[in-house]
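With chain A held as given, fit chain W with the ligands onto it using these hints.
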Amino acid sequence: MKTRIAIRWAAALAVLIALPAVLSSYQLGLLTKMLIFGIFAMSLDLLLGYAGLPSLGHAAYFGVAAYTVGLLALRVANNFWLDFPAGLAVATGVSALFGLFALRARGSYFLMITLALGQVLWGIAFGWRSLTGGDDGLPSVPRPRLPLPWPLTDGGPFYYFVLAFFVISILALSVIVRSPFGRALVGIRESERRMEVLGYDVWRYKYVAFVLAGLFAGVAGNLFVYFNGFVSPSYLNIVFSAAALLMVILGGAGTLVGPALGAAVIVFLENVISAYMERWVLVLGVIYVLVTLFAPSGLVGLVRQRLGSHPA
Amino acid sequence: MMALQIEQLSHSFGGLLALSDVNLAVAPGERLAIIGPNGAGKTTLFNIVTGIFRPSAGRIRLLGQDVTRLPPHRRAQLGLARTFQITTLFPRLTVLDSVLLAVQGLDPVRFTLHRPREAYGHLRERAESLLAEWGLADRCHAVTGRLSYGEQRQVELILALAGAPKVLLLDEPTAGLSPAETASVAEMIRRFSRDTTILLIEHDMDVALELVDRITVLFQGRVLAEGSKDKIRSDPEVAAIYLGTDDA
Ligand SMILES: Nc1ncnc2c1ncn2[C@@H]1O[C@H](COP(=O)(O)OP(=O)(O)OP(=O)(O)O)[C@@H](O)[C@H]1O
Ligand SMILES: [Mg+2]
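Protein chains in written order, with this note's numbering: chain A, 1 to 312; chain W, 1001 to 1248.
Isolated chain A, as found in the complex:
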């Protein structure tokens, strides 16, 4: 059983490593974006799928990391060893701060507070033109220069750069969700009251999960601003947060791999219908309805049903 799973993972990784050989540079860019958003969706899955915390403001940590890296690279120095950790530190710091407020609430109140907190950052990015460029965003963010034989300005090397972070993230997260800490999160999702009387400091678990989710969202935000060369307030706002929730639900909350797949599907669809961007919110809504009606446990749930295996 264990070796079969290991073989499957190795095969998936081999495919991801080989893909650049057969993809056009445009397609490779799309795949790179899928991996970045995959990290973002998995970070939210830690909250929604494992801890049962439906955050509707998760774009905050992605966006704040992207802005931090963008601003530092443009205004201070394009130094990976400074900018990248700074992006993570700010994302983690903001989630550590927001978590103090958000975790006072439960259920739909939690959803509303995370939404409100996220919109505060959006408002700042939108309004503080001299720093953030306001609506125009930050253009021409350079990619980092690393002492590698291949420049990251090329699509291929940058893809492998992102893939490395994707693999590290999925490995780290899958250890976390299988650890005593991660199993406790699932217990908290199922019954907070029960966990309290079993000796768990429920708040502390939720808070650490919240901050960790912010950290991994920061990884995605950092990579995205390098990838895109541009960040605007729309990467902080509610539509992006809602899209992230949809990636998780579409793929299958509480499965990690599912949300990564969900992210790939959403990125693909966004690309296909980019001509009708003003309809994007409508499209997201329709997907949401279809998923809740026909695949309530997401794509992974559908596959498991076919294979007749039980959820983990």
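Because the hints were derived from the structure by calculation, they are not lab data.
Backbone N, C-alpha and C define an ideal beta-carbon position, used for all residues, glycine too.
Where hints are given, some of them may not hold.
Unchecked claim - Here are the computed distance ranges between Cβ atoms for each label pair:
hint, chain 1, residue 1, chain 2, residue 2, range
1, W, Asp1138, A, Thr3, 23 to 29 Å
2, A, Val303, W, Gly1014, 49 to 55 Å
3, A, Lys2, W, Pro1091, 25 to 31 Å
4, A, Trp9, W, Gly1145, 56 to 62 Å
5, A, Val265, W, Ser1193, 50 to 56 Å
6, A, Val303, W, Arg1146, 21 to 27 Å
7, W, Ser1148, A, Leu100, 40 to 46 Å
8, W, Arg1092, A, Pro85, 34 to 40 Å
9, A, Ala116, W, Arg1146, 48 to 54 Å
10, W, Ser1228, A, Arg204, 41 to 47 Å
11, A, Val303, W, Glu1133, 34 to 40 Å
12, A, Leu100, W, Asn1023, 37 to 43 Å
Only chain W with the ligands this time, still in chain A's reference frame:
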């Protein structure tokens, strides 16, 4: 030192006085039943002892320590465990997973996140031995929500036992069970370690009388009577309540 000592405890929900000047002391290893009609305040008392509610007035001492202001998880770590009147298990987890959570709750590794739980074999050993000891080994991979009601009550008891508690609060463990299931749950309680102090809320007088050493009767938030089984059985006030208002 008392295992549990409750001093001048009062609690009100808004205007409703659910508990009023309750005093109670339970010695280590003692088994005490708390009986009383619906709404007497029995579950509220357990909720206050476990820290789910903060009392309006009064003090709680657990094993000599004042725990009145401690949150529930700290009390659990001192050796307090409970079951719930309304079954609130982990309905979507397997029986083994649920028991693992209970075992892990008081283990030093409960907060580690850099290694999978399988790396800590002692957790699984303990969970499996609990399930074997209490006759649920063959159900360990069943999803808890799909168990029979009687089996769910058994899981409920196993979760409470997992941390080898010093003080155990059981809130109507046999409620809603058939006579046969009631007998098997009662048998289970009888087999609990004699070192564990037990407070048992029980509607079924026969079950209560059989399992405990002493009885406290709660009525409208007050202690109406307290004493040995014989004393309670022959108390005219208790008889009046049980004839007049008991619905069991
Ligand atoms: N969370 C709450 N909020 C408001 N009132 C409550 C709450 N919990 C209990 N009560 C009230 O407090 C009183 C005591 O309730 P409690 O549940 O402690 O009774 P009980 O003795 O356990 O009864 P039963 O035998 O029905 O379980 C009741 O009048 C009940 O309605
Ligand atoms: Mg009750």
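Do the hints match the structure? See the list:
1. W:Asp1138 x A:Thr3: 23 to 29 Å: 28 Å, holds
2. A:Val303 x W:Gly1014: 49 to 55 Å: Roughly 51 Å apart at Cβ, these two residues keep to the hinted range, so it holds.
3. A:Lys2 x W:Pro1091: 25 to 31 Å: Holds - the Cβ-Cβ distance for Lys2 (chain A) and Pro1091 (chain W), about 28 Å, lies within 25 to 31 Å.
4. A:Trp9 x W:Gly1145: 56 to 62 Å: 31 Å, violated
5. A:Val265 x W:Ser1193: 50 to 56 Å: 54 Å, holds
6. A:Val303 x W:Arg1146: 21 to 27 Å: 22 Å, holds
7. W:Ser1148 x A:Leu100: 40 to 46 Å: 43 Å, holds
8. W:Arg1092 x A:Pro85: 34 to 40 Å: With a Cβ separation near 39 Å, Arg1092 (chain W) and Pro85 (chain A) satisfy 34 to 40 Å, so the hint holds.
9. A:Ala116 x W:Arg1146: 48 to 54 Å: 40 Å, violated
10. W:Ser1228 x A:Arg204: 41 to 47 Å: This hint holds: roughly 44 Å between Cβ atoms.
11. A:Val303 x W:Glu1133: 34 to 40 Å: At roughly 38 Å between Cβ atoms, Glu1133 (chain W) and Val303 (chain A) fall inside 34 to 40 Å, so the hint holds.
12. A:Leu100 x W:Asn1023: 37 to 43 Å: 40 Å, holds
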